[in-house]
Amino acid sequence: NAGVTQTPKFQVLKTGQSMTLQCAQDMNHNSMYWYRQDPGMGLRLIYYSASEGTTDKGEVPNGYNVSRLNKREFSLRLESAAPSQTSVYFCASRDSGANVLTFGAGSRLTVL
Amino acid sequence: QKEVEQNSGPLSVPEGAIASLNCTYSDRGSQSFFWYRQYSGKSPELIMSIYSNGDKEDGRFTAQLNKASQYVSLLIRDSQPSDSATYLCAVLGGTSYGKLTFGQGTILTVHP
Chain V
133 NAGVTQTPKF QVLKTGQSMT LQCAQDMNHN SMYWYRQDPG MGLRLIYYSA
183 SEGTTDKGEV PNGYNVSRLN KREFSLRLES AAPSQTSVYF CASRDSGANV
233 LTFGAGSRLT VL
Chain F
115 QKEVEQNSGP LSVPEGAIAS LNCTYSDRGS QSFFWYRQYS GKSPELIMSI
165 YSNGDKEDGR FTAQLNKASQ YVSLLIRDSQ PSDSATYLCA VLGGTSYGKL
215 TFGQGTILTV HP
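Just so you know, the protein sequences line up as chains V and F, in that order. Using my numbering, the first residue of the first sequence is number 133, and each one after it goes up by one. Using my numbering, the first residue of the second sequence is number 115, and each one after it goes up by one.
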């Protein structure tokens, strides 16, 4: 099925552990995004990649790193997880022509 | 100042009424504006996009844009209980190419 695939859907970490959230899209979109969503905070942009080979910081980049591996894949890494990073993470990709943003199903991360 | 701000909620309207959702943005160079709807536990979905000053209508939804005032709004006519959701305003940055920023969301409840 065409769309944005995120893995894992659920993850529990202990403080200080590291992990990578994977995201892949098969729509040939140029731009990809990582957001986090906390209650009452809307979607906050962590990092984005406007095109293959570029990445830029969003509103809340501290504690995260990203890799745009190729046009399809955009991963988000937590090097040393903290309880403040407990959140729902959404990956999205955007068709520059139609400006439509397609979201993945979300990844729920809990840091104990 | 947040880059995208929405009117504080939650907003409660009776069935059949008009719901009005508002959003302001700080990047004067922004050219593309979006309204997303998000049901609890789901990913956001696009309702409307608007690029030019004025009104854009799609069924019961009307988006309004005023670039001089840096203001975008969404009107929902004949509100239905199924419209109960969180509504998110999003702005595609003009200064930062490809940066798509969301507001904090407004929770709308339509009661029978």
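No wet-lab data here; the hints were simulated from the structure. Idealized CB from N, CA, C, for every residue including glycine. Incorrect hints may appear among the rest.
Some chain V residues close to chain F (C-beta under 8 Å, calculated; not the full set) [to be verified]:
no., residue
1, 180
2, 188
3, 192
4, 214
5, 236
6, 237
7, 238
Which of the listed hints are not met by the structure?
-> Violated hints: 3, 4; rest satisfied.
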